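**Q** Take these sequences, add in the hints, and give me the full structure.
Residue numbers (this note's numbering), protein chains in the order written: chain A, 27 to 295; chain B, 3 to 254; chain C, 3 to 254; chain D, 908 to 1260.
Simulated from the structure, these hints should not be mistaken for laboratory data. Since this is a predicted model, take the numbers as computed values, not measurements. One or more of the hints may lead you astray.
[Stated by the list, open to error] Heads up, incomplete: computed chain C residues facing chain B, CB under 7 Å, no partners named:
| # | residue |
| --- | --- |
| 1 | GLY20 |
| 2 | HIS21 |
| 3 | ARG83 |
| 4 | ASP173 |
| 5 | ASP199 |
[Claimed, not checked] Quick list of simulated restraints, FRET-style, between CB atoms:
| # | chain 1 | residue 1 | chain 2 | residue 2 | range |
| --- | --- | --- | --- | --- | --- |
| 6 | D | ALA1093 | A | PHE122 | 18 to 28 Å |
| 7 | C | LYS223 | B | ASP12 | 48 to 58 Å |
| 8 | A | ALA268 | D | ALA1242 | 58 to 68 Å |
| 9 | B | HIS123 | C | LYS22 | 56 to 66 Å |
| 10 | C | GLN215 | A | GLN236 | 22 to 32 Å |
| 11 | D | GLY929 | A | ARG52 | 31 to 41 Å |
| 12 | C | ALA229 | B | ASP185 | 18 to 28 Å |
| 13 | A | SER133 | D | LEU1086 | 25 to 35 Å |
| 14 | A | ALA268 | D | GLY1235 | 22 to 32 Å |
| 15 | A | ARG45 | C | GLU117 | 45 to 55 Å |
Even for Gly, the Cβ is constructed at its ideal location relative to N, Cα and C.
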Amino acid sequence: MSNIMNSIFDIRLLDDLARKETIVHRIHPLVKFLTTFIYLIVVVSFGKYEISGLLPLLIFPVLIMTLAELPLRPILKRMLIAAPFVVGIGIMNPIFDHQAVSIGGLSVSRGWITFLSITLKSVLTVSAALLLIATTGMDKLGSALRMLKIPRLFVLQLLLTYRYISVLMEEVSRVLRAYAMRSPQQKGVHWSVWGSLAGQLLIRTFERAQRVYLAMRLRGFTGEYNTGGYPGIAARDIAYMAGWTVFFVIARIYNIPMLIGSLFTGVIL
Amino acid sequence: MSHHKTEVRDLYYVYPDGHKAINGITFKIHHGESVGIIGANGAGKSTLLMLLMGVLFPCQGEVLVGEVPVTKKTVPVVRQRMGMVFQDPDDQLFMTTVYDDVAFGPRNYKLEETEVERRVHEALEMVGILHLKDRAPFKLSGGEKRAAAIASVLSMKPDILLMDEPTSALDPKSRRRLMKLLDGFEHTKIITSHDLDMVFELCTRTIVIKNGQIAADGPTKELLADAELMDDCGLEMPLALQGCPVCGRKNG
Amino acid sequence: MSHHKTEVRDLYYVYPDGHKAINGITFKIHHGESVGIIGANGAGKSTLLMLLMGVLFPCQGEVLVGEVPVTKKTVPVVRQRMGMVFQDPDDQLFMTTVYDDVAFGPRNYKLEETEVERRVHEALEMVGILHLKDRAPFKLSGGEKRAAAIASVLSMKPDILLMDEPTSALDPKSRRRLMKLLDGFEHTKIITSHDLDMVFELCTRTIVIKNGQIAADGPTKELLADAELMDDCGLEMPLALQGCPVCGRKNG
Amino acid sequence: MHMADALISPAVGGAMWAATTGIAAYSIKKLPKEMDENKIPLMGVMGAFVFAAQMINFTIPGTGSSGHLGGGLLLAILLGPYAGFLTMASILTIQALFFADGGLLALGSNIFNLGFFTCFVTYPLIYKPIVAKGYSRTRIFAASFIAAIIGLQLGAFAVVLETLFSGKTELPFNTFVALMQPIHLAIGIVEGLVIAAVVSFVWKERPEIIEKATLGKAIGSTSIRRVVTVLALAAILFGGVFSWFASSSPDGLEWSMFRTAGVEELESPDGIHRVLAAIQNKTSFLPDYGFKAPETESAVTAGEGEEGEASWPAVNSGTSVSGLVGAGFTLALTAVIGLTISSLKKKKSNISA
Ligand SMILES: Nc1ncnc2c1ncn2[C@@H]1O[C@H](COP(=O)(O)OP(=O)(O)OP(=O)(O)O)[C@@H](O)[C@H]1O
Ligand SMILES: Nc1ncnc2c1ncn2[C@@H]1O[C@H](COP(=O)(O)OP(=O)(O)OP(=O)(O)O)[C@@H](O)[C@H]1O
Ligand SMILES: [Mg+2]
Ligand SMILES: [Mg+2]
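**A** Written out as structure tokens, the structure reads:
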């Protein structure tokens, strides 16, 4: 119940954020999409005992978040919600991998390092996906997909799903509310009602789909999905992508914190 | 009968996204009153009803139903006393027959099956659709669905009936029938609607909401005839009060 | 301007399940007329609109739009002339921004992107929501959604506007605004509604449907004041015509 | 049971992306042309429905177990396998973007795990044959129930394989399987019951919705040859892989898998560490730490990987100290950059305001 409400807020919030006008928002959607992908590949290419090498990559979400003027809190909250499966799998490592490693004189089980590494990767990858949508928006992302030659059938279908999610989530939450009103102290939907409750929702959805199709046909839809022209990719977009890519590659090849650290300890010692 | 009193004290509600929907509302509704809650789209009417029913919980202030504050703990008890009819009856009817739908609430309160049957018959008779009891709710006409939705709530014997826009999408005859039905219900009624003519006929008292606050609270006949107040709150005088083609009266 | 004439000749329609929804309807609507189609729930109003739009095809009889019979072949041409506003705007706003939604029709007719833009702006300005053009439809209020739905139809420059219950769920002010907007649209309008007061104010002519047949067809002012006819068709006189609290007049 | 970006390696993620893209392209091609336009809104709106309905909590009273509506099979039943798969793909895409369920790299695997097995394995091989003899309540119930459970089992098993192949986490294969399969059996039973209840209800009330989707031209008749192909594919994928695992010694399973796949070594810092040790020695200001080059795996043999494994804990403490200092410094720098920019932005907007 509150789950559904929260999901509706999340979609609305991200949609609102995507409509801001900042330097990051103005970057070409396709460029942002590809940059995010390169970033993700670089992040996950680090091994399971890697921590320090991953740290410089934090600068990407931090920079995007500040430049795009995105609020920290809701994005952090989403990352925490996304965590359970990853943490659940990650937490197995300390159990199965006891080998001790010494770090700065401290003896740590290798499993914990893996766990930390997974958690860090989770933070980086989750924030990258959220930031992509929060600075681009579903409609622009759709046009980026079209530019990638993803068939229009799929893109239109994706956008329709996105469009009707909030309509149907509200419908579902109203039904659940009505259900809860007459069945106090029940946590979920009783099995005797499963079929009729979800089934009726499904039939209504089916009928809605027919009306939507009708509305589309009445406005000349014949299976073609016609979008307006795409915005061109400007020099600044290319610079954006090239800049980040170079940084990612450097961060992948060189362990930057280690370089800095050695520099420091070298100076100090 | 103070045990059926509904009281709202200095209520505030902020949606998780920061939208302040209710900004300090206080009122008291006595047993047997019929109260209309009106206001423009987005004024906060539905939110207020949800706070009364314990679907949402206030950020500040409290809701008391018969001296019992509505909290997560008391909600099951409170709900037994309150019945809510939703705007779209489709949201409310989820069983395969009208009978089962109307019996759903009483069965959840673990009543004897004979008592359940008695209640279902009573409720269906009250709204005049006993003949539909074995039909599937989703195959009924709009007006019939509305009646079934009301019966499903009446079978729980609520002391207070809450309704969100009960007359929308009904044809004039069905609307009239529904109004007659509601008029016959002697317990407390709280109705939100844009159908000000219905409020005018059905409710003795009206609360006007504007931006989550009470803009006016008083006898319906006075408030709805106050053209300035209505205009200020995104409303309009009931059509029955506007210009009469016979006597040529304009705007009340 | 006979090329905008809409004519229905001896129309019959039976749903695949055998339900006879339209049973012999004939009428002619001239360019610029505003016609209200009224009737009880299930009378056949929505079915009639769908036959006019070529969404359904009659079992017998024919529909002519500007001398062109509506058949599977002529439908694309006919539709460009007719714009239909649905009862639930959510069914009609299927794109992710208001702009794209309003541009959907023109783009499908392969107009230049500059022309598309001109039309979208024009349509949005006409309904007064140009400032909402980059918003997502799911975040609009009920009234705003309705306006966007109308704009999405206006951008196709229809000669005839068909609407199914355009005022439902709107607050009185938004309803008034919509009525003003419709009043300003100078082409043919065909409106079905249970809001008889709206029909009374907006339509010069009314067609009353009962069980898929025409029960009456004539000037709105006359038909809607005919208490017997209204009652016979599951309707009621508009509230503005019913009992005036000032002069005490009862039932017209 | 969404596979997450943090647990996947580029190789596994990429492979699954490739597989998924292939199936999606095939599905799009298979959607009969004339059905397209009316199916698009149906797919879109049904996708949104499944998305929303997955938030309903279905409970079995007294047992404490509860479940949700599974998407893939239901969509296949309603829309046919091709449209069902594509719809599942868009649901998962939106979940990855807006709810950070899974992630963009793992999206390929997730679409595969939740879409392929339901739409292209259990739907044609279990659901369809059972209802092919004619619809009845019992058949529909049995068909959806069994298909849902098996579909989820296959999906869960795929998650296990993908996770292990990725080598980002340390879970012995049998433990992981022993953990995942029973959990998903429990989930699958409730999910199967929900789907069975929903499909039976819809069939009773609006039979054409269920019957048209399965028998109609929209899907085309599934030829025997296609069934056999799919069967064979699935058999190779699962039977093969599974029996191979089963035949190896349980303890060594994981490592032998990594060695064979060459995935672990690909990323393993330890092997590379040794390889690059010589180079490091020349760079004096970086005492005893290796640059990591991601592309040197060809030089690493399985044996070296093993050895590297053993030598890992011996990393000297001086290196770790510089690592820790550097890490702290990097974090501080990142924070400073972030704070500076946002305070600059605030100042700017204050001035302009
Ligand atoms: N789930 C929600 N999250 C955020 N804001 C919401 C939510 N639901 C409603 N609101 C906002 O709260 C305000 C009050 O909404 P509410 O639904 O109570 O209005 P209402 O008076 O019932 O309007 P209507 O006459 O259109 O039904 C509106 O501005 C609305 O946009
Ligand atoms: N798809 C359908 N299949 C069978 N019967 C239908 C179908 N759609 C509508 N009907 C029936 O046809 C009749 C006319 O329906 P229609 O929707 O045109 O009524 P309406 O006048 O628009 O009613 P309302 O005022 O409730 O909108 C009704 O009796 C209805 O039950
Ligand atoms: Mg409301
Ligand atoms: Mg209708």
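**Q** For each hint, tell me whether it holds in the structure or not.
**A** Each hint, compared with the structure:
no.	hint	result
1	GLY20	15 Å, violated
2	HIS21	12 Å, violated
3	ARG83	29 Å, violated
4	ASP173	5 Å, holds
5	ASP199	5 Å, holds
6	D:ALA1093 / A:PHE122: 18 to 28 Å	23 Å, holds
7	C:LYS223 / B:ASP12: 48 to 58 Å	51 Å, holds
8	A:ALA268 / D:ALA1242: 58 to 68 Å	26 Å, violated
9	B:HIS123 / C:LYS22: 56 to 66 Å	34 Å, violated
10	C:GLN215 / A:GLN236: 22 to 32 Å	27 Å, holds
11	D:GLY929 / A:ARG52: 31 to 41 Å	35 Å, holds
12	C:ALA229 / B:ASP185: 18 to 28 Å	21 Å, holds
13	A:SER133 / D:LEU1086: 25 to 35 Å	29 Å, holds
14	A:ALA268 / D:GLY1235: 22 to 32 Å	30 Å, holds
15	A:ARG45 / C:GLU117: 45 to 55 Å	26 Å, violated
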